[in-house]
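*Asks:* This is what each chain is made of:
Protein chains: 2
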Amino acid sequence: MNTHKRTEIAKLGEFRLIEHLTSDIQLTNKESIKGVGDDAAILSYDKEEEVLVSTDLLMEGVHFDLTYVPLKHLGYKAAMVNFSDIYAMNGTPKQITVSVALSKKFCIEDMEDFYAGLKLACNEHNVDIVGGDTSASLTGLAISITVIGSAPKGTAVKRNGAKETDLICVSGNLGAAYMGLQLLEREKIATAGKDIQPDFAGKEYILERQLKPEARKDIIELLRKENIRPTSMIDISDGLSSELMHICKQSNVGCRIYEEHIPIDYQTAIMAEELNMNVMTCALNGGEDYELLFTVPIADHEKVASMKDVRLIGHIVSEGMGYAMITRDGVEMELKAQGWSATSEE
Amino acid sequence: MNTHKRTEIAKLGEFRLIEHLTSDIQLTNKESIKGVGDDAAILSYDKEEEVLVSTDLLMEGVHFDLTYVPLKHLGYKAAMVNFSDIYAMNGTPKQITVSVALSKKFCIEDMEDFYAGLKLACNEHNVDIVGGDTSASLTGLAISITVIGSAPKGTAVKRNGAKETDLICVSGNLGAAYMGLQLLEREKIATAGKDIQPDFAGKEYILERQLKPEARKDIIELLRKENIRPTSMIDISDGLSSELMHICKQSNVGCRIYEEHIPIDYQTAIMAEELNMNVMTCALNGGEDYELLFTVPIADHEKVASMKDVRLIGHIVSEGMGYAMITRDGVEMELKAQGWSATSEE
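Protein chains in written order, with this note's numbering: chain U, 1 to 346; chain S, 1 to 346.
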C-alpha cells in the first residue's frame, strides 16, 4: 500500500471517489457509446459480431497478497487475466467494468495506484473502462471485473471442438508464474519483521510472470494471420493438466502429451531445483500462466510448427484412451487435475 | 444459513460446485448463444439493439446481514437490483453472470438456496444465467453480478436529459425498505441469544420491501404502452434525494419537489412513528427502494397523471435555483444527498 501520502477515502465519499478515478477516461472503441456514470454502460456492436462476456472475482488473501503485490501491478493483472479469457475465445476485448470493495486500511492514493495499473493494461489492449463503482468491505479488498469483447459471428472458439488426431499446442512456457509465487512466498517469510530487501537478481523473469502477466493477444493475431482456426481453446489459469482436461471432457476426447515438449524457461527450472520441487509438476499444475492452450487439425501441422512462441506438445486421442503424459523414459502417466482450486481442500 | 443438511463444498470442489448449481439452467433468450462453462459467454444482439451492461458487488456485513436475510432471498434480491439498473435505462435485462466468493462457513445447501433465489428472479424476468464461478473468501460472502440487457438503438434513457419544466415522477412508494431494515435490526438486537421469534404481524409489507424487492419492469412496459419516453431516469437505490441530485447534476438543472406528493405507505409511516424517526427523512434518504425516478416533458402531464402506481412529485427548474423540497407548510428546504454511502463516513 501507498506509504507516502495518505488521504482517507471518507474525504471524498463513494460517488466522488469513482468520479475522481474515472474522470480522465476517454472511450476509444466505436462500440463504447456511454461509459461510467449512469445505471448501465451503453454499447453498440455490429450485427456481424457476437458479444463475449466473462467475469472474475478476486479476493484479498485468497487470490492475491498485498504484502508483496503492489496495487498498480494488481490492477494491471486483474485487467489482464480478464482480457485473457476473451482471447481464449478467439475474440477481442473491448470494454471492462470494475467494482471494488475496500476496507478502511485503503486510502485514495491506493485506489489511484490500482486504477493506474488498470488503465495501463487497458491502453495496451485498447479496452475501455465503461463502468465502475466502489463500496465498503469489512476486511480487505475485493475486486470484480467483467470484460466484454467480440468476435465475428461464428468464429468464437469454445472448449468443446477438439477432435481425434488434432494437435495440442501451447503458447509461451509454463510454470514460471507459479515459481515466481513460490519465490515471493519464501522471501515474505524470510524478510518478515526485518528491515532487509530480498535479492531477486537473476529471477526477474519468474517474478514478472507472477506479478505482471501478459494476455496473449499476439498469438490470436498470429493465428488469424496464418489462417489457423483452433478447434478448441482455453487460457491456462489453473495449470496445463486441469485446462487440458476441461477441453477433453467438453470435447469427449482423450489426449497424449509429451514431457519432452512441455516448454519450460530456464529460470523456472533453476528455481524449482533451488526449492527442491519437481519442475514438471509445476509446469503441469502451477497456475496463472495465462498462456493459450489450443488444438488444431493435423492438416495445420506445418503452419503451427513454424509459429513463433508456440509449441506442439501432443495430440488428441479417443475418449476411451484417457488423459496421459508420455514421460522422457517412455512411461505413460495419467494426468490429474490438481490445478489450483480456491474452494477445494485437496 | 441452512440448518438442516450440511454438505461441505470441498466434497465437490470448485468446478463441480458450479456445474452442480448451473446444470439445470436452460437458455431462453435468442440473444444467449452459449452460457456457463467456457472462458466467456457468447451473446448475439440484433444490430438494431444497443447493449446495456451494469455490475454490482455485494459484501457480507456491508450490503447484507445473514443473521436475518435468508440466502434464497439474498439471491433473489441480488439479481433483482441488477435488473433494476437495466430497467432504469429503459432497457430489458437478458443475461446475468454470477461470481461468488465464500468462506468455509457455507455449505453446498447454502449455495443451492442462493441459486434458487437467483433462478426465481431470472425466471420472473426472463433472464438467462450465462456465467458463473465460485471461489474462496477468507471471511464471509462476496457476490458479484453483472447484468446485460438491451434497448432499441437510441431509446436508452440516461440521467442527463432532464430539461426545465419537465415533470418529476416516481413509481411506487418510498422509505419502506429502509423501515424494513430498521425493524430487522431492532429485532436482531432484541432476540440476540434468546430462543424467541420476533412478531412481524402487520409489518409484512415493509419486510417484503427490504427482503424481496421487485424491479419495476411493469412501469417500463406501461411507459412504452403509453408512448411516453422519459427525458431522464434512474432507479432509487440510495434514496430519492441522492438520485434526484444525480439527475439534476448530470442534466445541469435544478428541481422542486413537494412533500405532500412524496408517496409513503402507511406501514412505513407507522414504523417510523414507532421508532421515533421522521418519515420524510426516511423517504428522502432511506435506500433500497428500487423504484424508478424519471422526468417527462410537461406535454405528457395527462398521460403520467393517469398512470397506475406513478406519482408526480415536482418539476425541473433552472440550475441556478438549486435542489429543494417545498414542505407542507410552504417552506423551501434544500435537498441534501445523505443517501446511504457504503464508503462515506458522513
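None of these hints come from the bench; they were simulated from the model. The model shown is predicted, which means the values in this text are computed figures rather than measured ones. Don't take each hint at face value.
Copies of the same chain are indistinguishable here, so a pair counts whether it falls within one copy or spans any two.
Lysine-lysine pairs mimicking DSSO-like chemistry, simulated, CA-CA at most 30 Å apart [said to hold, decoys possible]: (1) Lys249 to Lys30; (2) Lys336 to Lys34; (3) Lys105 to Lys188; (4) Lys217 to Lys303; (5) Lys225 to Lys336; (6) Lys336 to Lys212; (7) Lys308 to Lys163; (8) Lys153 to Lys105.
*Asks:* Hints the structure violates: just list their numbers, smallest first.
*Replies:* Going through the list in order, the structure violates hints 5, 8 and respects the others.
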